[in-house]
Every structure is written in structure tokens, then in C-alpha cells.
Amino acid sequence: MSDAITQRYFEDVWPGDEYIEEHQPTGDDVAEYLHINQMGRRAQTGNLDGRFTDVAGAARQGLARPIVPGAMSMALITRLVTDWMGPLGHLRSIEVSFRRPVQHDDRLRANALVTDASDEDGEPTATLDVFFENERGERPVQGTAVVVLPRRTQPAPVVE
Amino acid sequence: MSAVGGGFGRCDAPRATARLEALTPFDRAGRRATESHASSRQLAGRTATITQDTSANPGDLFYLDLHTHSTDGSDDAGATVEGYLRWITGRRRFGYRIDGFVLTEHRRFDADRDYTALAEQYGVTVLRGIEVETDVGHVLVYGVAPGFYRDFDVTNVSLPYEDVFRAAREHGGIAVGAHAGRPRIGLAEHVDRRSVSVEGVGIVEALNGGSSDEENSHALHFAEEHGLKAVGGSDSHFVSGIARCLTAFPEPVHSVEALVEALLSHEYRPVAVEETHDDEEIRERSRRLQAVRSTAEAVHHEGGEVEYDHSVIGVEVEIGSAEITHEQIAAYCESTGDTNPLYRDEAAAEAGPFGGLVAPPGLLSALVQGRGPDPKVQYGNTTFMSGQRMEYVAPVRPGDTITGYASVKEVYEKTGRSGRMVFVVNRTRYANQRGEDVSANESSMVHRQVAPRKES
Chain U
-1 MSDAITQRYF
9 EDVWPGDEYI
19 EEHQPTGDDV
29 AEYLHINQMG
39 RRAQTGNLDG
49 RFTDVAGAAR
59 QGLARPIVPG
69 AMSMALITRL
79 VTDWMGPLGH
89 LRSIEVSFRR
99 PVQHDDRLRA
109 NALVTDASDE
119 DGEPTATLDV
129 FFENERGERP
139 VQGTAVVVLP
149 RRTQPAPVVE
Chain F
101 MSAVGGGFGR
111 CDAPRATARL
121 EALTPFDRAG
131 RRATESHASS
141 RQLAGRTATI
151 TQDTSANPGD
161 LFYLDLHTHS
171 TDGSDDAGAT
181 VEGYLRWITG
191 RRRFGYRIDG
201 FVLTEHRRFD
211 ADRDYTALAE
221 QYGVTVLRGI
231 EVETDVGHVL
241 VYGVAPGFYR
251 DFDVTNVSLP
261 YEDVFRAARE
271 HGGIAVGAHA
281 GRPRIGLAEH
291 VDRRSVSVEG
301 VGIVEALNGG
311 SSDEENSHAL
321 HFAEEHGLKA
331 VGGSDSHFVS
341 GIARCLTAFP
351 EPVHSVEALV
361 EALLSHEYRP
371 VAVEETHDDE
381 EIRERSRRLQ
391 AVRSTAEAVH
401 HEGGEVEYDH
411 SVIGVEVEIG
421 SAEITHEQIA
431 AYCESTGDTN
441 PLYRDEAAAE
451 AGPFGGLVAP
461 PGLLSALVQG
471 RGPDPKVQYG
481 NTTFMSGQRM
491 EYVAPVRPGD
501 TITGYASVKE
511 VYEKTGRSGR
521 MVFVVNRTRY
531 ANQRGEDVSA
541 NESSMVHRQV
551 APRKES
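Protein sequences appear in the order of chains U and F.
Be aware that the first sequence starts at -1, since it is given in our numbering, and climbs by one per residue.
Be aware that the second sequence starts at 101, since it is given in our numbering, and climbs by one per residue.
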């Protein structure tokens, strides 16, 4: 387990808390992700038109540089949330909007920002804004996540 | 990681400067992590600001965010109105002065919505306008009489801008050119490249929370060059984005009528949220914009209703199955640098909330793919993913066989910085070998017309 992952308990979570991971996805990182992703694309053509892998393919799509697949950005954002909440947390939902391209080698600050912490419905739930911010001051990926956290005072429920 | 103090919603902890220093080196996935609690640093996002005298007492002014979106009316928003109100309450406790905001949903104004009670509960002014789409970009409209909505089909993504600005005044309201510095959906580029007239346009949004520094700089220069007045708005779609940029008024603005009157005066200016703080040091932290011209090329798109196969809407089709293996989980974790023990450490997972190993949440959409129903959209020469929502109902374990069932939820269009866009919203439901739903995915693909670039 990475030393960045510790267990988060509801009692310790406050609106305004912020957790940041930094990423700089390279072409090699994207290639590795696509290799895994393409295992599930056997039923498809497998043609990714190069926008994710090479400059020429990106240029054909009107892009200045190759881009990181949206699914990979989603995976990194999802991991940001699961890292933040810790192994005993339960990710209920996550939703992101891809507003600008994430380019290879962009320096990304992945932010998870607690916007609400509530147990009004009997479940200790935290709502987070999640987003990437790049070195140009843009937020190319933005979204929200809802997680259920354990309490310090109660054992974590077993999810069937 | 350190965890110190409480959050701004529950205590009056001392302020400190933002910190992102002393980060650990990148790990193999190019990642490093840090965290801070609300009480130990300022929450200011990265915002640009125009050059202003920040020594003035911010308490003398009234700060209104003129551009926000919510789940009540904007398809791409993730924030509720009450979420905004709670967030603003917290920001105030941290010393920021935020008096209210204007909801400007995309292409929609629901006259029946009433936020009066919520606004009073939180002590925040909540007003309503609309963001429409015209042939020169997006336009914010405030305070118009119902006749405006009879004159225009506000769902049209290419309204004639001169008519919109004129009609807004005729119907007792006012129109503002939104995010003026953004390519294609901001006014500046159309004026610069297509010699569009600014006659009838009095105000532009020159400080927009969703625009880059360069785009805001462009907007500001554009406003100065053409003698237009400038406002600020966050263009927030998510809770923490609200009030990053605002407009400072000399008098309180508690109604849309007062807003129109105030905008017709000359006494307001766009500000970044840091400028509203009661601490002069934080006000001075606002960065100055660099005067950099945008070099984006304008593309004028043709209108017309998009054609597609309506018969596939709502029809669910099986798209394929995949058995979840330890090897796939390991490979996926390697590719994303995920070291969560629930996925690969049997002993730790045994003691975890699922009583055994589970698959990472993101694995399903990566592995279970196939061709779903195709609405055959007759527009554009490429597609990109524009959004995704995942819901996790039950754990997925190694050995499970997961089957995906896809359908097309809807097809719609709007305009963005890349021009006209047609969105196809797909839904995929994932079920295990026992027929139990484990997850659901809603993803939007955008169809666009792009011009190839020369390789540099």
C-alpha cells in the first residue's frame, strides 16, 4: 500500500478539507493504460486513430499534442478518491466532465475537496469536488464523488 | 500525511497560507500526494485577476457571482443550489466576502423555481438569469420579462446575437457577453476575426472562473479596446468553483431588477475572490494578468437540426462479457499506479469491508466494452468523451463474469469553445453472473467537426 493511503474516518472529515495528488502522465503511461484497456476492445476495431499515442494522430484530430484518454483520467480521479477515503470507505458514485483535453506530460494537480460531510440519512457520507488543474490554470476535468466513510466509533459494515 | 484541526464549517481556526510544498517525489505512476485540512490553509483556487487597487476595504462593496450553473437546469453541472449555499457559508467563515450569486442555467429558465426560502436560510442572495447561445458565443441574460422567452427559442444554439442584446433591453433586462475571451463561444474572437459589430453590446464577462488566464487576459483587453464594461463570474458547475470570480458593486443588489439597474450604471468591476478577503495580505496575493493575446482560430459553424436515428433511444443491447481475473486486476492497478490493498492483498482484503479481494471501481468500464446501439449522428468528423458518471452498487470480485448492457439515453446539441457539438449520452448497466446489477455507467460522447492541424 502506498504511504499516501490511510484510512479516513467520518469524524475527521470537514468541509474544506483538501487532498491533492500530482500526476504527469507520459506517453508511456498512456500506452500502458491503453494496453490494459484494449484487452476489452477485442470486440471492437481497436482503432484508436492515434490521438492518444502520437503527434500525427493527434494533429489529424485538430489537437496540438497527443491526449490522455478520458477513461484514464477517470481512472486517475477515481483512484484519487479511493486513496483519499481509504480501504474501509465505499465509493458510491463519481461523475466527471471532460472540459478540455488533458495532454501528454501535462503537470496535473488532482484535487479532492470536501464540500459536504453529513450523516443526515443515517450514513456517514462525504461529498467531494474532484478536478484536475494543469500548469496553464485550466481545470480540464471536473466532477463530484460521493463516498460513505466508516466511523471511528463503529466497525466498518461488511458490504455483500 | 498530517491531519490538523477542524474544517471551516465547524471552527474558527487560524488562517495560514496555502501549501503545496515539500511534496514527496513522483512514484512510478508519476504521482505524488499531499493533503491539507480546511483549517490549515486557504481554499483559494487558482484565479486570475485584473489589476486593481486591493487596499480598499472589501466590506464596503457587494460581491455577486454573475455566472453559475446547477443540477436544477444545466446538464453538465454537478452542484446543487444548496451545496453552493453551504459552501459560501463556509467561505465566509474563512474571511471571504461573498454576498450572492446568479443562477444562469444553460438554455433554460424555469419560471416556477423559487429559491427564496433557501436564500433566506443561508443569508445569501440568489438571483436568476439564463445563459443562451448565439452566433457569436454565449450570452448571459438578466431580468427580462416573460416576453423575451416568447420571442426566442432559448434552446436554439445559434440565436442571432444582435436580436438577443436588443430584445433583452426591450424586455426590461440586460445581456452580457459571457467568457468573452474564449475561442468560439466568446465574443472577442468573433469581433477580431469576423469583424462582428459590438454595437448594442455594452458589457462582457472579462473575468471568468472557467477560462484560462490567457483567455481572461484577452477578454480584458477586448473590453478595454472596445470601451465595454466588464463583469466577473465563476461559471461554476461544481460546488467549490462558485465565487472564484465575482463582480463588485458599490451598493447591495438583492433583486434582478436591482441587478439590471446596477449593470446599467458604470460602477462595478470584476474581482477574484481573494480580493474580497478582510486580510490585506490575501487581497494582495491576487495575481496580475499577463497581457497575452489568444491565437485561436475562429470557425463559424452552420446551424440546422442534427439528424440521427431516433429509434435506438432507450433500447438496451448486450455489449459483451468479461471474466474478472486476478491478472486483469493486477495489470489495471499497474497501469494506474493503484496500490490499494483491497485489490491485491488477500489478507488485508479479508479484513476489509468486502471480506475479500475486489476489483478497482474503474476496471469495469475498461474491460467490458463493445458496440452499443448507434444513433448514427449525422454531424462531425470525430468524437471525444465529454463526461462520465459511475455508480457502484455491489462489489465485483475476481472470478465474477460481468456483462454489460448498453442503451442510448439521449442526443442533444450545444456550442462550446470548439464550436458546435452534438452529444450522445450512453448508459451501460453491468450485471454479474447471478444477474445482479453491480454498477452503472453513463457516458457522454461529443461529436465535433475538427480541422486537422499541421504537425509542429
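Among the clues, some could well be false.
Pairwise CB distance ranges, derived in the manner of DEER restraints [unchecked claim]:
(1) U:9 to F:427: 34 to 44 Å
(2) U:151 to F:481: 53 to 63 Å
(3) U:9 to F:405: 29 to 39 Å
Here chain F is said to cover these stretches of chain U; the calculated rule only asks that three of the stretch's residues, wherever they fall, bring their Cβ under 8 Å from a Cβ of chain F [what the hints assert, rightly or not]:
(4) 27 to 34
(5) 67 to 75
(6) 104 to 118
(7) 126 to 138
Among the chain U residues that face chain F by a calculated CB cut under 7 Å, a handful are [claimed, not checked]:
(8) 5
(9) 17
(10) 60
(11) 93
(12) 146
Hints were generated in silico from the structure; no laboratory data involved.
Backbone N, C-alpha and C define an ideal beta-carbon position, used for all residues, glycine too.
Checked hints:
no.: 1; hint: U:9 to F:427: 34 to 44 Å; result: holds, 38 Å
no.: 2; hint: U:151 to F:481: 53 to 63 Å; result: holds, 58 Å
no.: 3; hint: U:9 to F:405: 29 to 39 Å; result: violated, 54 Å
no.: 4; hint: 27 to 34; result: holds (count 5)
no.: 5; hint: 67 to 75; result: holds (count 7)
no.: 6; hint: 104 to 118; result: holds (count 6)
no.: 7; hint: 126 to 138; result: holds (count 7)
no.: 8; hint: 5; result: violated, 10 Å
no.: 9; hint: 17; result: holds, 4 Å
no.: 10; hint: 60; result: holds, 3 Å
no.: 11; hint: 93; result: holds, 4 Å
no.: 12; hint: 146; result: violated, 10 Å
Of the numbered hints given earlier, the model fails hints 3, 8, 12; all others are met.
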